[in-house]
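Make a model of the complete structure from these sequences and hints.
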Amino acid sequence: MLPTSRHFPENARRALADPVLQAALGNIPAGFQEKRAEAVARMPEFAALCDAARDIKDHTLENLDFYLEAFEARVLAGGGQVHWCRDADEARAAVLGICEAAGAETVIKGKSMIGEEIAVNDHLEAHGLEVVETDLGEYIIQLRREPPSHIIAPAIHLNRGQIAETFLESHREFDTSRPLETPRELVDEAREVLRAKFLRADVGITGANLLIAETGSAVIVTNEGNGGLTLTLPKVHVVIASIEKLVPTLEDACTILRVLARSATGQEMTAYTTFATGPKRAGDPDGPEAFHVVLLDGGRARMLASEFREMLRCIRCGACMNHCPVYGAVGGHAFGWVYPGPMGAVLTPWLVGLDEARHLPNASTLCGRCEEVCPMRIPLPRMLRAWREREFADRITPPASRFALGLWAFFARRPWLYHRAAALAAWLLGRLGRRSGRFRRLPLAAAWTRTRDFAAPEGATFQSLWAREQRRSGLGRGAPEPATGRGP
Amino acid sequence: MPRDPLHVGLFVTCLVDLMRPSVGFAAVRLLEGAGCRVTVPRAQTCCGQPAYNSGDRVAAKAIAAQVIAAFEGFDYVVAPSGSCAAVIRVHYPALVGDDPALSDRARRLGARTYELVSFLTDVLGVDSIEAGYEGVAAYHDSCAGLRELGVRDQPRVLLRSVEGLTLKEIEGAEECCGFGGTFCVKYAEISDHMADAKAAAVVATGADTLIGGDLGCLLHLAGKLLRRGAKVRVRHVAEVLAGGPRTPAIGERDRD
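Chains as they are written, first to last, in our numbering: chain A, 1 to 488; chain B, 489 to 744.
Since the hints were derived computationally from the structure, they do not count as laboratory data. Note that beta-carbon positions come from the ideal geometry of N, C-alpha and C, so glycine has one too. Keep in mind that a hint or two might mislead.
To be verified - Estimated spans, in silico, between C-beta atoms of each pair:
(1) K719/B / Q162/A: 36 to 46 angstroms
(2) D615/B / A271/A: 47 to 57 angstroms
(3) H7/A / P493/B: 29 to 39 angstroms
Right, here's the structure in full:
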């Protein structure tokens, strides 16, 4: 998918003016924030569990080469194959190669952010394959040819009416006068359509929430059970995952699963947790005949050596976006690529370039709520600042902003000059605003005053008033400033 | 035996200096009232946050060095702002890095820098204030103070001790008001959307006064409340705690 992150301000403006989207975003506090808070409150050891999860990931990242090779060895021993892919091109080619070798016509797919990142659907479709998403939300947006707007709730931007409309347009095989209003009716119809595809599919593609080095397993969590069907019904199962999904042991995987669902949806566990370990063995009642893991680097190895290393701990729970006021205002599409919200604002510049995505790390008040709820303790605000530093150093920051900042810094670094300039500004604005106490319009501040009044300053700076008071009271209140470098 | 009073350096903050000096004087009254000796170093301008948050690390570090030098000799450094105090306390040590001329000094300064209200409660042990304010007030938590310095209960404890003041809670108190420094003009529509939500939540409390500890948020919310025509006065917590505000509320006319 081509990024539109460059157009974040316009995307955001459109989102703010979209009443359907705004209504949908209004459900986030009750739908996600409260449920997470309740789940955390039910578990006194939640904080300790998050620390443990963080430590597991840190240890894994420290020894990633070792665990990757251990994982591959287990997959091979179980009769599967691992495809090492440096970038999206290689990963797409690997998936297509597997599908073609299997003589596939129809491919079913579970929700996968790596699938979005490498745009695997487009690639397979361009080569004549039918690809069907099996997660309900993903299926809906696939019919609408839209990207996901949330990493765990891809169709969160839509309401029921829009979904019914999409089904009426897409499912031409049904009676047009059928009732299609309740969630039940919508789900039943999707299930009926998808069942046929499940049974016909030659290849099933899933992502992986975790890869376990000890067992060579891919762990897939869903609330719909589509993951389990996708990987057991077709004769070929392809896992697409990036290298940082590794954890050492089954026990480690369980620790992370315990924080994942609570952080994501406030559930203790997702409804379905599937461990896919190799192809069907002799005596197994079902399962695929072939098991492939397409392992994507996609810039992660380089990230390990950067100031964004801790971002590789991310388990894609979505808590950061669920608690982000900017995401809550504009939704996921405004961010313009695969990953929205705070985690997206850190990842997107890395994956598509800072030139394209410079707005994302800037479009944040650095309120810190994302870091507070991140179960993997990722210092997201620090990383947003790190991007801003790179942007400034690489001169991607717009010249007008650089100039204004430079001018301000010139004064801020010269206190004697600064105090005079501040006194003048306070006096001028104070006089102009004395009549009403505020400005409804102010030159150079239109971005503020278009929607907010600007309070007039009191008219003199604190420093000038303080100096006057000191002079008036002779030696003054308090004592002279201590000499720098020594305590009093 | 009486001890020497604690010597406090007041970090005025650029917004208080420029926009609302009465907050600075209220802070001085509070600190002196609690037995401190207050000095205001002339060599201060701003904590450097605009540069720090805009990625200009060189300017931010130069300003940090200036603040570190200006505030070296005090027992404590106090700012009437959680945001500026957090920059000095939490971010300066990271900002100056392992620069041998600054790193130890930044750490020492950070360790003795406090936001005003939490300094009164957590360091000086103040748990009530002799002041009066007739009205129903809501307290706005500013993000940096709340999440980086743990300022949450302290202002509420002191405000509850103010005679005549009834304290209300804002729904979604932990939500950012959308100020965010330069964010409020760089992404003005998003900022305004957040301000609108916060202003509506403030009005819904039925409070006649909004009180907060950070002038940035307060100027932003006052601007929004005034534009909406809401009858809510906005004041800095220091003004209320220092007893009988002596100036009109933020954005209000001088009542001669």
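Cross-check of the supplied hints:
1. K719/B / Q162/A: 36 to 46 angstroms: Between K719/B and Q162/A, where Cβ atoms are some 40 angstroms apart, the hint holds.
2. D615/B / A271/A: 47 to 57 angstroms: Distance hint for D615/B, A271/A holds at roughly 49 angstroms.
3. H7/A / P493/B: 29 to 39 angstroms: violated, 58 angstroms
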